[in-house]
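Can you build the whole structure from these sequences, using the hints too?
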Amino acid sequence: MSGLIPLAFAFPLTAGALGTLLRGRRAAQRLLTVAAALVVLALGVVLLAEVRTGGVVTDDVGAWPDGLAIVLAVDPLAALMLCVTAGATLVALTVAWARGEDDHPLFHPLVASLLAGVALALVTADLFNLFVAFEVMLIASYVLLALRGGRDQVRAGVVYVGTNLLASALFLLGVGLVYGATGTVNLARLATAVPGDPAALAGLSLLLVAVAAKAGLVPLHGWLPRAYVHAGPAVTVLFSGLLTKVGVYVLYRLTSLILVDVTGLAPWLVAVAAVTMVVGVVGAVGGKDMRGILTFHMVSQVGYLVLPLGLMTVDAVAAGVLYLVQYVAVKAALLAVAAATRSLEGSDRLADLGGLLRTRPALGIAFLLPALALAGLPPTSGFVGKYLLIDAAFAAGSWWGGAVMLGVSLLTLLSMIKILTGAFWGERPERPDPGHVLTATRRRVLVGVPLAIGVAAVLLGPAAAPLLELARDVATGLVDPSGYLTAVVRP
Amino acid sequence: MSAAVVVGLLAAGGTYLVLQRGVVRVALGFTLLGHAATTLLIAAGGADARGVPFAGAGPGAADPLPQAFALTAIVISLGLTAFLLALAFRSRDVHGSDDLETTEGER
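Chains as they are written, first to last, in numbering that gives the first Met the number 0: chain A, 0 to 490; chain B, 0 to 106.
For the record, the hints were derived by calculation from the structure and aren't laboratory data. Each hint should be verified, as a subset may be incorrect.
FRET-style restraints, in silico, Cβ to Cβ [claimed, not checked]:
no., chain 1, residue 1, chain 2, residue 2, range
1, A, Gly-23, B, Phe-88, 23 to 31 Å
2, A, Arg-441, B, Pro-63, 50 to 58 Å
3, A, Ser-481, B, Asp-47, 50 to 58 Å
4, B, Asp-47, A, Thr-485, 52 to 60 Å
5, B, Val-5, A, Thr-420, 26 to 34 Å
6, B, Val-5, A, Asp-65, 26 to 34 Å
7, A, Asp-65, B, Leu-84, 39 to 47 Å
8, A, Gly-23, B, Leu-84, 47 to 55 Å
9, B, Leu-8, A, Thr-420, 52 to 60 Å
10, A, Asp-390, B, Ala-56, 56 to 64 Å
11, A, Ala-464, B, Ala-11, 55 to 63 Å
12, B, Met-0, A, Arg-147, 33 to 41 Å
13, A, Ala-26, B, Pro-52, 42 to 50 Å
14, A, Arg-147, B, Asp-47, 29 to 37 Å
Selected chain B positions facing chain A (in silico; Cβ < 10 Å) [unchecked claim]:
no., residue
15, Val-4
16, Val-6
17, Thr-38
18, Leu-39
19, Ala-43
20, Gly-44
21, Ala-48
22, Phe-68
23, Ile-75
24, Ser-76
25, Ala-85
26, His-94
Positions of the beta carbon are idealized from the N, C-alpha and C atoms, including for glycine.
Encoded structure:
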């Protein structure tokens, strides 16, 4: 079983390389990338079934002596995240195909490489290897963002590349300091070596700043809404499900292993998460187009995902994991609606839109269902996630963290209503009809994908029990990481 | 000690250049920051141990791990510098300048 782990990134990487060779043959490229995502998904499911009840599967790549070896480890969180990211990739690929966005000869190879970097970041238990995985993922994303090469893409590209390069440099300096102080980059060994060592803690603080920037935590969030809106609409769907979520995943991993033993940090995590939620949602309310509002929301939601780390109870972390899974799906659906609107109406600026609920009722429903889930209204999956999060915050004594989450939910609803009134109600402004540039099948797929996710999000509300049980298994492994520690540190 | 001074100078120069407006200067700044990180990684292995990093080479052998880190980091930073310079080139094509402040248009 453990020999399967390297496949999670080796297969997408090979698919990317082959895809580059097959530049002119779009059908073959598509097949390769979809196969890569399906392999990652299948691996995630198989590994999840294996490690579900607290087990950890490890692989000692190349069988190097202890201390030199890069150890790969899959615990329930990593396995679940493999499934989630592969699923998000499939959704983004479908939207890209329907919009004709995957026509660039490098699109598919880049998506496959991005997935390879993400998968490696999820399964590695080695700090320097994590840096490499981040770079593989980010380099692919830099090129994907700037692929169309227009004015806005270049400007957004410089902001995005600049911020992430700076974060990567800090990360590398942090790795150097931590290695200098402790003599290891194995995450499990660092778990015992770092917390009492001031020099290692200095390095860790650099790492933390870098990961916070990549996850989009306030005050290091400014690049996210500036960059993502200028990517292709399907690329935004992809970035939303993969990039910042990997940053959040690394925060979960680092907190579970190391940060939880650093005294005095927990209240700061809660505070940063709360400020992130508020700043993100206020920015979202001020947005003028669908994607602008939705990308600013990502910042706000990162706050929801990070807040449980300041509490570190099984209930809170389980709620965070459940919220993460349903949020990735819901956000992908909302961004897919924005992408569809852009294709069908020629624009996603609220000023250009109106009356969509009458002219395109299916698209209206496809927006409404995930929007309700994002705002956390019953009976959707978002309601279950937020209810559990807020309940866990109050139970852990962080009443103001819970209060902030409640308030931010209201503003989230407000921003969704803003899109609803701007684009779906009212009258359509006088504007030439863009006509049908897409075939009927592609149009149906564009609307069908978010509609299906929206229906699933509503059904998942009342039927959340199995997912919640899974989330509790994941959270148990994070709050008590002894299984991970003994599996990763070899005798 | 000398390694610390070198890292400090490189990081200071890099930070100064990264805060400049032109993309070419930013690219040069990241090159300096990359060198700072590489030097730090090598120093983290112990600046005194300079022997051949082979297994069983004795007490003076250098730590092989930081050298592997440094090599990887150099390759990555080379690729990214190339990409940033390509962006600067493209920026001159579409904006007429690699200076982002003068090209700040709609939004």
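Going through the hints against the structure:
| no. | hint | result |
| --- | --- | --- |
| 1 | A:Gly-23 to B:Phe-88: 23 to 31 Å | holds, 26 Å |
| 2 | A:Arg-441 to B:Pro-63: 50 to 58 Å | holds, 54 Å |
| 3 | A:Ser-481 to B:Asp-47: 50 to 58 Å | violated, 37 Å |
| 4 | B:Asp-47 to A:Thr-485: 52 to 60 Å | violated, 35 Å |
| 5 | B:Val-5 to A:Thr-420: 26 to 34 Å | violated, 59 Å |
| 6 | B:Val-5 to A:Asp-65: 26 to 34 Å | holds, 32 Å |
| 7 | A:Asp-65 to B:Leu-84: 39 to 47 Å | holds, 41 Å |
| 8 | A:Gly-23 to B:Leu-84: 47 to 55 Å | violated, 28 Å |
| 9 | B:Leu-8 to A:Thr-420: 52 to 60 Å | holds, 57 Å |
| 10 | A:Asp-390 to B:Ala-56: 56 to 64 Å | holds, 59 Å |
| 11 | A:Ala-464 to B:Ala-11: 55 to 63 Å | holds, 56 Å |
| 12 | B:Met-0 to A:Arg-147: 33 to 41 Å | violated, 50 Å |
| 13 | A:Ala-26 to B:Pro-52: 42 to 50 Å | holds, 48 Å |
| 14 | A:Arg-147 to B:Asp-47: 29 to 37 Å | violated, 52 Å |
| 15 | Val-4 | violated, 16 Å |
| 16 | Val-6 | holds, 8 Å |
| 17 | Thr-38 | holds, 9 Å |
| 18 | Leu-39 | holds, 4 Å |
| 19 | Ala-43 | holds, 3 Å |
| 20 | Gly-44 | holds, 8 Å |
| 21 | Ala-48 | violated, 12 Å |
| 22 | Phe-68 | holds, 5 Å |
| 23 | Ile-75 | holds, 5 Å |
| 24 | Ser-76 | holds, 9 Å |
| 25 | Ala-85 | holds, 9 Å |
| 26 | His-94 | holds, 6 Å |
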